[in-house]
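J.: What follows is each chain in one-letter form.
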Amino acid sequence: MSNDVWIIAEQKEGKLKKVSLELLGIGKKLAEKTGGALSAVFLGHGVDNLAQELDEYGAGKIFVCESEALKDYSNETYTKAIVDLVKAHNPAFLLGAATALGKDLFPRVAARLQTGLASDCMGLEISDDGLLVAERPMFAGKVLVDTIIPEARPQMACLRPNVLPVPEKESEKAEIEKVTVEINPQDLKATIKEMVKTAGEKIDLTEASVIVSGGRGMASKENFKILEELASAFGEVAAVGASRSAVDSDFASHDIQVGQTGKVVNPNLYIACGISGAIQHLAGMRTSKYIVAINKDSEAPIFQVADYGIVDDLFKIVPLLTEEVKKLKAQD
Amino acid sequence: MEITREIFWNVGSAARILPYVLGFIVLVIFAYGLIRRIRLWRMGKPENRFDHIFKRIGSLFSFGFLHRRIIKELYPGIMHLFLFWGFFILFLGTFLIFVQEDFTKLLFDEVFIHGNFYLIFSFVLDLFGLLAIIGVILAAFRRYVLKPDRLDNKPEDLISLILIFLVLATGFFNEGLRIAITRPDFERYSFVGWEISKLFVSLGESGASLTSLHATLWWVHLFLAFGLIGYIAYSKLLHLITSALNQFFRSFAPSGEIKPIPDIENQETFGVAKLQEFTWKQLLDTDACTRCGRCQDNCPAYLSEKPLSPKKVIQDLKDHLTSQGKNLDKGEGAEEQVMPIASSVITEDELWACTTCGACQQACPVFVEVIDKVVDLRRYLVLMKSKFSPEVKLFFKNMETNYNPWTIGFATRADWAKDLNLKILAENPDVDYLLFVGCAGSFDERNRKVTRSLVRLLQKAGVNFGILGTEEVCCGETARRMGNEYLAQILMQQNIELFNKYGIKKIITLCPHGFNTFKNEYHQFGGNYEVFHHTEFLWNLFKEGKLKWKTGVKMTATYHDSCYLGRHNNIYDAPRKLLESIKNVKLVEMERTREKSFCCGAGGGRMWMEETIGTRINHMRIDQAASTNASVVATACPYCLTMLGDAIKEKGMENKMAAFDLAELLEKAL
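First to last, the sequence lines map onto chains A and B. Going by our numbering, the first residue of the first sequence is number 10, and it counts up by one from there. Going by our numbering, the first residue of the second sequence is number 259, and it counts up by one from there.
For the record, the hints were derived by calculation from the structure and aren't laboratory data. Each hint should be verified, as a subset may be incorrect.
[Unchecked claim] A few chain A positions that, by computed beta-carbon distances, are all more than 10 Å from chain B:
(1) 12
(2) 199
(3) 237
(4) 246
(5) 313
(6) 316
(7) 337
[Unchecked claim] What the simulated footprint calls covered on chain A by chain B, stretch by stretch (three residues with Cβ under 8 Å from a Cβ of chain B suffice, anywhere in the stretch; the number is not a length):
(8) 254-261
(9) 289-295
Even glycine gets a Cβ: it sits at the ideal position worked out from N, Cα and C.
Make the full structure from the sequences, and use the hints.
T.: Here's what the structure looks like:
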């Protein structure tokens, strides 16, 4: 068996997911330790140009599995493509992303390869005896455990997105190898006939990395517009949420309610506007990475969980924020 | 002339035999009907309701014969009282005649219904017969003219009323005819018959035609009366047996106690999927229900347009029981394909709408239990099917990982007490009382204020108490009422181990839900403690002079009874007396108060579910509070405080009204 590290890159509707680059970053570090080569595997149909985006991030080789059957994600076709490739090359480590797709795909791949899988990892390293040590949260994040896969090979792990940084670009070009995937339609138990999208174009609240949320302090349904403006200044990663009392007062619809009886979210940035911070709301957002609270009442409990607090009129602050974000975005 | 009457006058010799033959047949028909229902109840599991026999007889006497609960509502109360006592006395009268004619007269030639006794006998029977007729008229008027929402009309209601009326009317007409023909002057004591006789006399019919009319009517009366007796066992009239049984077999456990799933580790099924998993008493409940609808009139879920009506639940179960009874006749195996009750007989929306406030059970004149059935059916949904809303899932998950309903780490449970210098039992177990803070009092910023107020009051009174700090876990009350008995038992046993470890004997709670669970449920797992709710405890301190108020607080306040403090545990006075002990406090009562108090909408796990159907219960309650013009609504429960506080905000009433816990108001007076 080699010492090679493989990562499975992920794309969705013609766009490369950021976590693929995060995987390359950590994969590079692991490969340096094991002395093996780093390779990326890319699956899809008509995605040659996307594979280029993976280049110059440290991978020595990029396998592009190109097939009509891989156009849309299907557990069966993707598993077959990956398993066949792995069996042919025998990498020592196989890393994927703990996204919705990854959580569906990799357990099946691991079962096919009869190996172990450390899911939803926060960190990966190589121990002195060459084993992959995966750091995983357990019991709702109360403890972190180090998981190893002592015997079965390859050692597999899924990495949580947004945990590790995207690496710097390098100059070395990768060798791109096209892989033909043979999939016999008759072997498939299910085929995709049509993809039906739900809920329009807006990003789902639970997937947004920025959430701008409004409470009763918004005073009316119309005023939620300024929150939408702030959210759209952040781009498509941002969404608008609401507290229960805002929903109860009909300022916003229930499907964007954040809290105990609504959605539980943990974005990188949560901006709470005119939200007092009743416990039922905190229960839905307190695990956000950074919390910014804007409220006139300096006694409001929201400030106890906030990383940054602004005691002022939100109608003054939010438009200012929108302007600043727009300026910063323009500099990018 | 002797003052008596010939009993089988004018009805021929057949009357000496035929009624007994018919009577026997009717009794067989009656017994068959009754036994069929008894067989259905016996499908249920065993349950011991044969303890406290004398208490049970007392219950039957006071709630059955004396109508103690029925009379609480005046109109239907009087209506039923007249019908019940009317028929009871008429039955006694007929029984006395039977005794005289077939025993004393036959065997000893003794006729005791004569002379003054005859006069009294006649008068009393006429009086009670008349009351019964008034009762029928009141009933018919209410049912078909006033038409209260809580009454639904079925053919059996009309048939029963008509039959009862005809039996009574033909009886009186018979008496009138007899008097019109024989005309003894002393019969004026049979005052109803006497007046009717005058009617016949004024008609001027010949004696002969009256005589034959009397003979015919006598038989009509007899057939109707026997028909009525036979009908009892096949209609709602059977309640005169089943409701009486239910009053006899009523539960003497506190209404706030939920029965455990015993030996839960070794059970293979949980909760109730089919009727056989209820106990016989729970099945009897469904037959004891008379559809009077008092439960529905007091149910916060029903009144806020939720799909739940306790009456409907019990009646749907009864119909299900009847239809299952048909399978019973077909023999084994026929019941196998039956759908689970939860969702096929009682919808999930109905089951999850219940706040377990107990208003239905308090109102029920015949002690039908509803909460136990709701919890049993929820247990099936939760523990067997994992069917519950996403909010409930989050609640369970949080409870399992952090022992509180929110996504907050258990290590921060005692953060509220950081600067208060309290005894933590792990460090210093030398205390007289454990202050069990509870989840809301520990984590929720609003309720933390209440906790701090209470701590100040206790410290002021010099009470030696401590807290469990981060070791405390949720009391398990809410998980239990949401049907997650497994989770509830884990939490309860965890607390009991802690309590016992520190040798705790006396507990003060902030929350009536914890109070109820410690007091009425922890004994199920060997935890026996003296438990005080803070209102009770503070009132005792005040009475003993350990707490004194320095200043008055000028306000008009209304007190909202928490269901688990009031209805389930009978603590109504302590909080009110405490409020009134503060100078310048004017206490005003809401229309629904004390036993009839209206739930805030959070009990039974409703706190943790979205309320998407109908009107918000807390909005209704705050409107009721606002109509007293009080500026403060005082509570003694974190759930109530949250719900009413939210309602005030949501309805934009902040300028008019505020919600406080009693402890906060008392602290202001220190």
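J.: Run every hint past the structure and note whether it holds.
T.: Here is what the structure says about each hint:
no.: 1; hint: 12; verdict: holds (39 Å)
no.: 2; hint: 199; verdict: holds (25 Å)
no.: 3; hint: 237; verdict: holds (23 Å)
no.: 4; hint: 246; verdict: holds (23 Å)
no.: 5; hint: 313; verdict: violated (7 Å)
no.: 6; hint: 316; verdict: holds (17 Å)
no.: 7; hint: 337; verdict: holds (31 Å)
no.: 8; hint: 254-261; verdict: holds (count 3)
no.: 9; hint: 289-295; verdict: holds (count 5)
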